Amino acid sequence: QSALTQPRSVSGSPGQSVTISCTGTSTDVGGYNFVTWYQQHPGKAPKLMIYDVAKRPSGVPDRFSASKSGNTASLTISGLQAEDEADYYCCSYAGSSTWVFGGGTKLTVL
Amino acid sequence: QLQLVQSGAEVKMPGASVKVSCKASGYTFTDYYIHWVRQAPGQGLEWMGRVIPKSGVTHYAQKFQGRVTMTSDTSISTAYMELSRLTSDDTSVYFCARDGSHYDFSDWGQGALVSVSS
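Chain order of the listed sequences is D and X.
Per the working numbering, residue 209 is the first one in the first sequence, and the count goes up by one each step.
Per the working numbering, residue 68 is the first one in the second sequence, and the count goes up by one each step.
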């Protein structure tokens, strides 16, 4: 199972929007509506930000939104804040009770 | 409140095995699956497998088949991940995570660093 493809880094200024892409195949991202996104600050455990492609858990700001088209999922962070600077990982169910992560994207808030 | 508390850091010799624990509290342990995810230094997250505490049924990533064993002890609400035949490539932080019932990992342990070095 190959890792999903994410850009290594993205950046934006406070108040701006950034989008992180996550490309898989028809056997993972494209095959199921079970894409999730995680935020990880240095030295910390990941935090669930998005589940079921586009749903936000309680407590996650609505500045975080997500979608999917075909084999590519996307996470958009609008109104960037300094605290959003972190690593972001997508993950998809890949069938047969297996999951696959993306390689991760480092978000820098300029 | 819900917590997943993992065992401490370990240093192992190549070829050895390591067993990491994950003690759950604040919810009914048998109602949710437990996943294991690892992260090598400076690298991304890697899904290793999951255990269903109620039944003991496991599912492993193909990469770890034959080398990993995930178990649970419902009497003490604790899940375990044992990895054998360790090499330096297994040096990672190992996280347990609770399945959130939406094919997601809703809650995470603090991680346990396993270092493999001669």
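Hints are computed from structural coordinates only; laboratory data are not their basis.
All figures in this text were calculated on a predicted structure; none of them were measured in a lab.
Fair warning: there could be bad hints in the mix.
Stated by the list, open to error - From chain X, some residues computed to sit far from chain D (all C-beta separations above 12 Å):
no.	residue
1	PRO81
2	GLY82
3	LYS90
4	ARG117
5	THR125
6	GLN129
7	THR141
8	GLY167
As the list claims (entries may be wrong) - Below, computed lysine-lysine pairings styled on DSS-like, alpha-carbon distance capped at 27 Å:
no.	chain 1	residue 1	chain 2	residue 2
9	X	LYS86	X	LYS121
10	X	LYS79	X	LYS90
11	X	LYS86	X	LYS130
12	D	LYS263	X	LYS79
13	X	LYS130	X	LYS79
14	D	LYS252	D	LYS314
15	D	LYS263	D	LYS252
16	D	LYS314	D	LYS263
17	X	LYS86	D	LYS255
18	X	LYS121	D	LYS314
19	X	LYS130	X	LYS90
20	D	LYS263	D	LYS276
21	D	LYS255	D	LYS276
22	D	LYS252	X	LYS130
23	X	LYS121	X	LYS79
24	X	LYS86	D	LYS252
25	D	LYS314	D	LYS255
26	D	LYS314	D	LYS276
27	D	LYS263	X	LYS86
28	D	LYS255	X	LYS90
29	D	LYS255	X	LYS121
30	D	LYS276	X	LYS90
Cβ coordinates follow ideal geometry from the N, Cα and C atoms, glycine included.
Evaluated hints:
1. PRO81: At about 25 Å from chain D, X:PRO81 clears the 12 Å cut-off, so the statement holds.
2. GLY82: Label holds. Min Cβ-Cβ 26 Å, cutoff 12 Å.
3. LYS90: Answer for X:LYS90: holds, closest chain D Cβ roughly 15 Å.
4. ARG117: The assertion about X:ARG117 is violated, with a minimum of 7 Å to chain D.
5. THR125: 9 Å, violated
6. GLN129: 7 Å, violated
7. THR141: Consistent with the label, X:THR141 stays out of reach of chain D, its closest Cβ about 20 Å off (over 12 Å).
8. GLY167: 7 Å, violated
9. X:LYS86 - X:LYS121: 20 Å, holds
10. X:LYS79 - X:LYS90: With a Cα-Cα distance of about 22 Å, the restraint between X:LYS79 and X:LYS90 holds, given a limit of 27 Å.
11. X:LYS86 - X:LYS130: Given pair X:LYS86, X:LYS130 holds - Cα atoms ~18 Å apart, limit 27 Å.
12. D:LYS263 - X:LYS79: Roughly 41 Å separates the two Cα atoms, so the pair is violated.
13. X:LYS130 - X:LYS79: It holds: about 20 Å lies between the C-alpha atoms, which stays within 27 Å.
14. D:LYS252 - D:LYS314: 14 Å, holds
15. D:LYS263 - D:LYS252: Cα-Cα ~23 Å, so holds.
16. D:LYS314 - D:LYS263: 22 Å, holds
17. X:LYS86 - D:LYS255: With a Cα-Cα distance of about 24 Å, the restraint between X:LYS86 and D:LYS255 holds, given a limit of 27 Å.
18. X:LYS121 - D:LYS314: 37 Å, violated
19. X:LYS130 - X:LYS90: Cα-Cα ~25 Å, so holds.
20. D:LYS263 - D:LYS276: 12 Å, holds
21. D:LYS255 - D:LYS276: Measuring from Cα to Cα gives roughly 20 Å; hence the hint holds.
22. D:LYS252 - X:LYS130: 25 Å, holds
23. X:LYS121 - X:LYS79: Distance ~31 Å between X:LYS121 and X:LYS79 Cα, so the pair is violated.
24. X:LYS86 - D:LYS252: 21 Å, holds
25. D:LYS314 - D:LYS255: Holds, at roughly 15 Å.
26. D:LYS314 - D:LYS276: Roughly 20 Å separates the two Cα atoms, so the pair holds.
27. D:LYS263 - X:LYS86: 35 Å, violated
28. D:LYS255 - X:LYS90: It holds: about 19 Å lies between the C-alpha atoms, which stays within 27 Å.
29. D:LYS255 - X:LYS121: 25 Å, holds
30. D:LYS276 - X:LYS90: 35 Å, violated
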